[in-house]
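Colleague: Turn these sequences into a full structure, and let the hints steer you where they fit.
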Amino acid sequence: MTAVLSDSDAFVATLRAQSQRYHSLHPFHRRMNEGQLRREQVRGWVANRFAYQAIIPRKDGAILSNCPHPDVRRRWIRRIVDHDGSIEGEGGIEAWLRLGEAVGLPRAEVADERHVVPGVRFAVDAYMTFARTRPWVEAVASSLTELFAPDLMAERLAAFERHYTWIDPAGLAYFRARLTQAPRDSEHALEVVTRYCRTPAEQEAAVAALASRTTSSGACSMPSTRPTPTVEVTDRPVLARHVRLSFDPARGRHVLLSPETASVLNPTGAVILDLCDGERTVAGIVTELRRTYEQVPEEEVRRFLGRLVARRCLEVRRG
141 MTAVLSDSDA FVATLRAQSQ RYHSLHPFHR RMNEGQLRRE QVRGWVANRF
191 AYQAIIPRKD GAILSNCPHP DVRRRWIRRI VDHDGSIEGE GGIEAWLRLG
241 EAVGLPRAEV ADERHVVPGV RFAVDAYMTF ARTRPWVEAV ASSLTELFAP
291 DLMAERLAAF ERHYTWIDPA GLAYFRARLT QAPRDSEHAL EVVTRYCRTP
341 AEQEAAVAAL ASRTTSSGAC SMPSTRPTPT VEVTDRPVLA RHVRLSFDPA
391 RGRHVLLSPE TASVLNPTGA VILDLCDGER TVAGIVTELR RTYEQVPEEE
441 VRRFLGRLVA RRCLEVRRG
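Residue numbers (the numbering used here): 141 to 459.
Worth flagging that the hints you see were computed from the coordinates, not collected in a lab. Treat the hints loosely; a few may be bogus.
[To be verified] Derived CB-CB ranges, DEER-like:
#, residue 1, residue 2, range
1, T339, R381, 17 to 25 Å
2, S226, R316, 15 to 23 Å
3, R420, D308, 51 to 59 Å
4, G229, Y304, 22 to 30 Å
5, Y304, P275, 37 to 45 Å
Glycine included, C-beta positions come from ideal geometry on N, C-alpha and C.
Modeller: This is the structure we're talking about:
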């Protein structure tokens, strides 16, 4: 007999599948788990990751302030205690600062976030804004990136213990704590999302919120296993919600910012993306480019845009 999934089962299956598209697939994280990082790279990751760790209790506070259900708030508040601690010197943020010390970073340099790069800063700010401004249950759905975190954390802990023996084992306490906290948190979040996302529209919004977190975590620098989509001349490209085009004075170049990444663009690529406003068609973009540049092969523009669509940095509107 063939099993028939209920709408709820299908919804959960979609969330679970989406949660697996997390930053652990990024080449950097694979190299980290394989022991291929230099000491300065490990330190850079720890310093930048702290910017995210530091806003977790504030993000969860935003969810609490928007959530109208006392039973959800009573359980969700444990996340804040986990990260802030119930007294000074406890909690996940403190544990991360100790990790910084264990890898050779002065506590003050981690705490003041002086080493945080623009892409990470943008990602953290965007996530905080999302939690404050979107419906509370969508913010809860976005936290389901930890649905499979027990395996991810266990793998990371084992990798650090095996490959980076120069790190004081006491500094790995954060990862050990998450082995029990993460499954508890993800189970509760899944329970909340399935309870309060009942309509197709609510479920679609929840999946989109989770997708925004998973695809924005290094998506623009991850190699795509999919063929490059064909972008038609009538398509109207626009930057994805989690991506921003910015000018980096230090580099003197435009960069495409997404959470945890900053991709440097050549001048032509920056001009093309500046024209991707969701209103101009690809044909219109090519026409605009030809007013400045003598030769603009349409096919090259379409391939460039297609690669960014494949990496989820661009979306296209059709019709």
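Colleague: Next, verify each hint and record whether it holds.
Modeller: Comparing the hints with the structure gives:
Restraint check, T339 to R381: a C-beta distance of roughly 22 Å satisfies the suggested window 17 to 25 Å. Here the CB-CB span from S226 to R316 is close to 18 Å, well matched to the stated 15 to 23 Å. The beta-carbon spacing between R420 and D308, approximately 55 Å, falls within the hinted interval of 51 to 59 Å. Our hint of 22 to 30 Å for G229 and Y304 holds, since their Cβ atoms are close to 25 Å apart.
Distance hint for Y304 and P275: a CB-CB separation of about 41 Å, consistent with the stated range 37 to 45 Å.
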